[in-house]
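Chemist: One letter stands for each residue in the lines below.
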Amino acid sequence: MIKAILIFNNHGKPRLIRFYQYFAEDMQQQIIRETFHLVSKRDDNVCNFLEGGSLIGGSDYKLIYRHYATLYFVFCVDSSESELGILDLIQVFVETLDKCFENVCELDLIFHMDKVHYILQEVVMGGMVLETNMNEIVAQVELQNRMEKSEASDQ
Amino acid sequence: MALKIVKGSIDRMFDKNLQDLVRGIRNHKEDEAKYISTCIDEIKQELKQDNIAVKANAVCKLTYLQMLGYDVSWAAFNIVEVMSSSKFTYKRIGYLAASQCFHEGTDVIMLTTNQIRKDLSSPNQYDTGVALTGLSCFVTPDLARDLANDIMTLMSHTKPYIRKKAVLIMYKVFLKYPESLRPAFPRLKEKLEDPDPGVQSAAVNVICELARRNPKNYLSLAPLFFKLMTSSTNNWVLIKIIKLFGALTPLEPRLGKKLIEPLTNLIHSSPSTSAMSLLYECVNTVIAVLISLSSGMPNHSASIQLCVQKLRILIEDSDQNLKYLGLLAMSKILKTHPKSVQSHKDLILQCLDDKDESIRLRALDLLYGMVSKKNLMEIVKKLMLHVDKAEGTTYRDELLTKIIDICSQSNFQYITNFEWYISILVELTRLEGTRHGHLIASQMLDVAIRVKAIRGFAVAQMATLLDNAHLLTGNTQRNGICEVLYAAAWICGEFSEHLEDPMQTLEAMLRPKVATLPGHIQAVYVQNAAKLFATVLRKHDGETESQAAQETSQLLIDRLPLFVQSANLEVQERASCILQLVKYIQKLQQKNVEVAEEVTALFAGELNPVAPKAQKKVPIPEGLDLDAWINEPPSGSESEDEKPKAVFAKEEPKHSRSRHTEVDEKELARRREVRKQEQASNPFYIKASPSSQKVYDAPGVEHIPVVQIDLSVPLKVPGMPMSDQYLKLEEERRQKEKAERKKKEKKKKREKRGKERKADSGPESEEDITPAHQVDIVTEEMPENALPSDDDDKDPNDPHKALDIDLDKPLADSDKLPVRTHRPEVLKSPAEDRDGESVPQETKKKSGKEKKKDKEKDRKRSKEEKKKKKKPKEVEEELLESQPEEAVQSEETKEAAAPPTSTSAEASDLDFWLSSAPVPPAAQEVTAPSSSAAAVDTSSAAAPESEPDEPKDTEPEDTKSSKHKKKKQKKEKEEKEKKKKKRHHHHHQHHGDAGGEDSVQNGTVEEEEPLPPMSNYSLLAENSYIKMMKEDADQVYDIQGNHQDESKVVVSVIFENKSDSFLKAMEFNVLDSLNSKLQRPEGAGAHDSLTVPFQLPPGVSNEARFVFSVQSIVMPQKLKGTLTFIVKSDESSTHEKLDFKLHFTCTSYLITTPCYSDAYAKLLESGDLKGSSLRLEGINMPFHHLLARICFHHHFSVVERIDSCASMYSRSIQGHHVCLLVKTSDQTVSIDAKCDEPSLLGNVLDEIKQTFSKC
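Top to bottom, those sequences are chains A and B. Just add 170 to the spot in the first sequence (first one is 1) and you have my numbering. Just add 753 to the spot in the second sequence (first one is 1) and you have my numbering.
No wet-lab data here; the hints were simulated from the structure. Warning: the hint list may mix true and false statements.
Among chain A residues calculated to face chain B with C-beta under 8 angstroms, some are [claimed, not checked]: (1) P184; (2) Y190; (3) Q198; (4) D213; (5) N215; (6) E221; (7) Y238; (8) S252; (9) L279; (10) H287; (11) M295; (12) M298; (13) V299.
Backbone N, C-alpha and C define an ideal beta-carbon position, used for all residues, glycine too.
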């Protein structure tokens, strides 16, 4: 199970947060700060796994993250997930974003947080991996966007 | 027109969208909070508008603000409003907001149930998808209960997109509403073989997640997963399955054996770079398998070695991720094969130097298992170096705990020299800012208490610590470490007889600086000062007019008042108590009374360590009921009466208490006076002897400024031995010992040990390394007759505990999801006759009972296994003639009426699968779900049916679940038969427990050969327009309670349009006989026909069901009937008719009813049954096929099967028992049968004969 997905930039500003377990807003912010603190002090050439993070989960949980340019993508998962599998999943997610936004950059995430959520919803649902096939994800996202467009033009 | 423009601009005025909001926030970096608060005000305005577009926009902005940490729960109702918009665009925004900020405590969630249900059944798949996604984030127990059925229906949706989401969300539903697991599980299992890989993956995901928490319940799925593993190409699925197998193998070692080969194949076949994740999980599971296997077999150590070598390659890889994972996997091997890991110590120690903290932590974990007596000191030395170097407190703290863990593991097993350990602990106290002071302290206490030989040394060390306490407490940031002083003070006090200079320690403990320590430490100081005092007195015992003893008393009397003033109650209490005591002693000393003996007696006796949880494990004495009231509880009325009483009585205790304190105060004042006088008259009080050795009593010492020393370099405290010295000493000692042992062999004995630590040469142990001390580790005390229970570790709040449900058990009546119906059912079985609200409660009650049954079943299973071992002949006799003694004796007979199970068959299936050589995939399909087939049958037989002629299918939502369940099963069967796909218009509502394929596999099938396809449908009539297929009426159900002499039979007929025209106005009519009548709606004449409630477009088939009432069921029946319909093509429409004959066989009155073997035996022994027999020649099909056929076509269930002999059972709708004993030898099958109705039996046997004559 995935417990949380956090995307923040090099300064710890959240760009997308998705908790699959309830935390109050202030706790969420605290978790983001702690996670950022843990992740940001790590070099780029060290491993992508991180234990601890006292706030979120216990010993069964791991932080698995990737650092792309200005953004950190952090998944907090338990031991039922394959570590390398989740790394691949992050890659799939980022590539999907890249396809949907055409050369995605931080600004896309900043201004279209809702769209990023919709894409993520096609990848992970309720903390479980829904789809890992990028083409399928992109197809579903585009179909939904088309529907939105047709609704807008009906007006 | 103008108005429109104005309206539009007003809209735009509020139209600050998400992008504008983000831009605004970025432009107001200085006063962000202020800007956002104005935005929130705007949003509040927008939410008040009626325009849903404006509302949705506002909610979207709120979602963004929520991410920034703003609480937006106040808008929950508006979010619900947006969710219920009919437009997908807005609905999506609403659901997103809800999924981000709704949780179980959100009260508006109750309002969403109907909206979500509506969205789930929306014709637009994306509405459904969005609702499912949202629900997965905020599902509550109530929502789960109310929507479980709707979601289950969606698991069979035509769109894979919906199916996969529905499957995934079921896991969340199970968590919140565990009762749904059993009814939903068969369908979930079915989805493992869904044609769509995404759905399959989702099902694997859910089952893996379930199985991870309660693996034993899913062991029976192993064959199915095995098949998936060998066939699937989806890496994600494979990883999940392989991980699952890793969890299952510990429970079933035979599974491991089966897995090794395919797993190694996978390892070899997957290209090493692209699917590293898969490769790694394979290695991981191979390790798990090897671990589970190797417990008894030494020849696996080679494979373990191989795995370890593979992991070593990973660890040496330059990719840090692989290094990390290699270490992680290594730690799994470590638990069972520490030796194989130990050989890679070099590599692991090297990882301790890695720049990556994650890797260092993993390596630390490994060290834990790698220590031995030989290398402990060396490893710890290395760790101590790391402690010095480590920057960042978390890593250093981790190191500290690891050092302690490593040393203290399994009762200090690896420590050979406790002096070394104590000095390590003392060195650790110099760590700056550690949080683990208490950990070090408890280790000190533990060692000092339990290792008697070390006490002298420990006490000396602790005394030095106390003396240098300022080093520990000097820095306020180092508060954590002062816990150590707690241990030091206690050890010095308790074992003060070992102190060289107790006086000096006593002085150190009473320094004014102590008062700055935390209260609980001060308290220990005070108490132990008293102990030291006793020791000092004892030391000077016998010396007449001992100056030293009296000086000690004086010291205490001088210093204790400081503690008497402490704010801490405990310190104050102890100090004043001891102060009085010392004063009294001083008085006695002045009279030259010998007091030492009596003072020491205060602290006499040994304190032994008590095991953790010892208190919990004290057995309850017989006859003591802890729950019983000591006094009768006050009744409700009494407690009311009490109030006035209490008011009355309140005054008194208060009064008396205050009086009491008054007395105390008076007394105190008096005593104080006395004390003052005493002190005045005491010659020693003022002139504190100047002859004392130390000037510790220098007046005004508090005023001397204390310079705080803050040293970053570890300080060598004089007198404190460095642990490194021990390393050398130990080496020397070992060498010496070795040499000595050699010498010993030659010469008898030679006393040359110098001043080595080994004071008394204990008996030489067989090990290479003897401990430096004769260590007597005191074991922890446990109460007598302690109960050896280890269930304390389980977390009662674990939500997964509720999901520990036996899934192999057939479904019972209670295992149904609550269904909402808009219309009352015409026919209801009494079990179903309750409203939706009461269902959950009932099921809860049931589940309690089921747990009991589970236990019962376990016992039974073991019994059955015993039985199986008996020779078949014996069993056979038992079954048919004699009464099985066990059945009579055992209490289980009482349970005979309980819902029977086929678990034993299931278990044996698994056994068979595990024990045999690799099985061709086709056979696995057959073996796996056989038990659920039985489950389906019972549930469907008990399921309530709706009146067939009731207008239906117009509103799919309204119709009854079980009906559609059947419909679906049939459709699937039909699809299989014809091997072509058709569109059904009733795909929305597929309720049910399992697909048709399950019932094909009825019976316990064990052999490899696949079963030939069987169909329950027979052709009824056919012409160029239409084809009618009749299902052998296995939908029989009885309503004995209402009509004693009459039973109802449901006949399902599939109508298939074979023509190119539209068929409509179909009317179905049957000529009633005396015995059997078609049930017509009230008011209809006896010969009126029934309208088939649908029309058929070209090529479409659909199914209708007709109810017949039957009086006698002992004879087969035939009814003539006609179907009339209108064929409508583009040009014309014609009226057509089709004649048919409905054949009611006796078999169709039988209901598949599983039966316990004991109940079965009891039934046979009762003597009410009449026998008959049948011989079939020339049957050359495998026995299991034979049984499956009987089960399938004649509605029997297998009670027990031994080799080529099986007992079977079925029950008629009127309650007749039918028992069969089927034996086969060569090509002859003999069936002995018993039934309480001979003519029924005769007819059933005839029908069985017919079935087999056809093939």
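Chemist: For every hint, state whether the structure bears it out.
Modeler: Hint-by-hint comparison with the structure:
1. P184: 5 angstroms, holds
2. Y190: 7 angstroms, holds
3. Q198: Given a least distance of 7 angstroms, the restraint on Q198 (chain A) holds.
4. D213: 7 angstroms, holds
5. N215: 7 angstroms, holds
6. E221: 6 angstroms, holds
7. Y238: Hint violated; Y238 (chain A) Cβ to chain B Cβ min 16 angstroms, cut 8 angstroms.
8. S252: 5 angstroms, holds
9. L279: Violated: closest Cβ of chain B sits about 10 angstroms from L279 (chain A), beyond 8 angstroms.
10. H287: 6 angstroms, holds
11. M295: 5 angstroms, holds
12. M298: 5 angstroms, holds
13. V299: 6 angstroms, holds
Going down the numbered hints, you'll see the structure goes against 7 and 9, while the others check out.
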